[in-house]
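Novice: Sequence:
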Amino acid sequence: LGAALIAAVGLVVLVAFEKVRFLAKQKVLPGPLVAVAAGIGINQLLLAVAPDLALQREHLVVLPTSGLSAEWVRLPDFAALTRPSVWKIAFTIGAVASVESLLSLDATERLDPEKRRASPDRELLAQGAGNVISGLLGGLPLTGVIVRSSANINAGAKSSASAIFHGGFLLIAVFAVPQLLNLIPLAALAAVLLLTGYKLAKPALFLEAWRAGKDAFLPFVATIVAIVATDLLTGVLIGLIAGTFFILREYARSDGMRNTTVPGAVVKRYELDDQVTFLHRVGIVKILEAVKPGERIEVDATRCRRIDPDVLAVFKDFADTARAKQIDFRLVGLTGAPT
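Each residue of the sequence shown is one higher than the one before, counting from 768 in this note's numbering.
Keep in mind that the hints were calculated from the coordinates and are not lab data. Hints may contain errors.
With a cut-off of at most 20 Å between alpha-carbon atoms, the simulated PhoX-like pairs for lysine-lysine come out as follows [to be verified]: (1) 925 with 792; (2) 1083 with 1059; (3) 786 with 966; (4) 1035 with 1083; (5) 1083 with 1053; (6) 882 with 981; (7) 1092 with 1053; (8) 969 with 981; (9) 792 with 966; (10) 1059 with 1035; (11) 794 with 925; (12) 925 with 882; (13) 969 with 882; (14) 1053 with 1035; (15) 1092 with 1035; (16) 786 with 969; (17) 1059 with 1092.
Restraint-style ranges between C-beta atoms, simulated for each label pair [what the hints assert, rightly or not]: (18) 996 with 914: 20 to 30 Å; (19) 937 with 997: 26 to 36 Å; (20) 862 with 1062: 47 to 57 Å; (21) 858 with 887: 13 to 23 Å; (22) 914 with 860: 12 to 22 Å.
Heads up, the beta-carbon is just placed ideally off N, CA and C, and yes, glycines get one too.
Kindly produce the complete structure, drawing on both the sequences and the hints.
Specialist: Have a look at this one:
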């Protein structure tokens, strides 16, 4: 009950700092800081008047209070490189961290009022360099984090320098006031995470995915369910597989070329898509089989940047049989095209 009370009050404070006009306009006190401070105050009050409801040590932030120690830095054991299990774990952490950083980057771009775009390559390069240094010093893996990014944006930050200052303030706080940080209830931090998650996945987002059609909605739902049921990496992979399935199905439904015949024209004209794969083979075969003896058909491949060899073989076979059926067939705009 104590944790629920702290989280509820934190959510009320956060919403108030967004909806109440004079609170939303001021930038001196950010809502998350006030929510965390309120959580500390409530828990201290509970310790004094209702100890049974107060949060215990395991429900609070836990940081070392002894100051900087040589034990904090541990050099790596390079002998571990010979163990396959280490490589497996390293690959999993690397994949999860990379996916999380890229997703956080995309979410940050959506939250940015100026709608700027950052380089995913630079993001991964910086993450990789940071992880190498962190690993050599015995630190935890680094990832991009949407909560810190959104906190900076909500506080009015406009450049990446805010992330450097943010990290600097955290470092100072860890060394200067660890006892104060250890009073922070995890429930107060959970309230910040809950509201941030709501902003990133509002009901309007689900409605937008629903209106986009089942080809977009089903992979969307599959990704969410898989992430909740398993973990981030597995969920994203399942979402990618589901999305790829619908993309391939859409390709298979397409004929790979569209009819550009002018009404009343003697010649049937078609134009190939810029990418013609083996998935278009069935549709193209149906179109060619529908051509009647004595008719004229022209396929324009000028815009086609890539054509699958199987599809090219279909055109070659049709060109060979077209003469016997007195069909005037031409494939233009493609080097080495059968005629």
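Novice: Each hint needs a verdict: does it hold in this structure or not?
Specialist: We went through each hint and held it up to the structure:
1. With a C-alpha separation of about 16 Å, the suggested pairing of residue 925 with residue 792 holds against the 20 Å cut-off.
2. A C-alpha spacing of about 18 Å is found between residue 1083 and residue 1059, which places the hinted pair at or below 20 Å, so the restraint holds.
3. Between residue 786 and residue 966, the direct Cα distance comes to roughly 14 Å. Compliance with the 20 Å bound is thereby established for this hinted pair.
4. Of the supplied pair hints, the one linking residue 1035 and residue 1083 holds, its CA atoms being roughly 18 Å apart against a limit of 20 Å.
5. Distance check on the hinted pair: residue 1083 and residue 1053 sit about 15 Å apart at the alpha-carbon level, within 20 Å; holds.
6. With a CA separation close to 28 Å, the supplied pair residue 882 and residue 981 exceeds the 20 Å bound.
7. The hinted pair formed by residue 1092 and residue 1053 meets the criterion: a straight-line CA distance of about 16 Å does not exceed 20 Å.
8. Taking the CA atoms of residue 969 and residue 981, the gap is near 19 Å; set against the 20 Å cutoff, the hint holds.
9. The straight-line distance between the Cα atoms of residue 792 and residue 966 is roughly 19 Å, inside the 20 Å bound, and the hint therefore holds.
10. Between the alpha carbons of residue 1059 and residue 1035 the distance comes to roughly 11 Å, so the proposed pair stays at or under 20 Å and holds.
11. This hinted pair checks out: residue 794 and residue 925 have alpha carbons roughly 13 Å apart, not beyond 20 Å.
12. Restraint check for residue 925 and residue 882: satisfied, since their Cα atoms lie roughly 11 Å apart, inside the 20 Å limit.
13. With a C-alpha separation of about 19 Å, the suggested pairing of residue 969 with residue 882 holds against the 20 Å cut-off.
14. Distance restraint check for residue 1053 and residue 1035: the Cα-Cα separation of roughly 15 Å lies within the 20 Å cut-off, and the hinted pair is therefore satisfied.
15. For the suggested pair residue 1092 and residue 1035, the alpha carbons sit about 16 Å apart, so the restraint of at most 20 Å is met.
16. For a cut-off of 20 Å, the pair hint linking residue 786 to residue 969 stands: about 16 Å separates their Cα positions.
17. Proposed proximity of residue 1059 and residue 1092 is supported: the alpha carbons are some 8 Å apart, at most 20 Å.
18. At roughly 23 Å, the beta-carbon separation of residue 996 and residue 914 lies within the given 20 to 30 Å, and the hint holds.
19. Separated by about 31 Å at the C-beta atoms, residue 937 and residue 997 satisfy the suggested range of 26 to 36 Å.
20. At roughly 54 Å, the beta-carbon separation of residue 862 and residue 1062 lies within the given 47 to 57 Å, and the hint holds.
21. In this structure the supplied range 13 to 23 Å holds for residue 858 paired with residue 887, their Cβ-Cβ distance being about 20 Å.
22. For residue 914 paired with residue 860, a C-beta distance near 19 Å keeps the hint of 12 to 22 Å intact.
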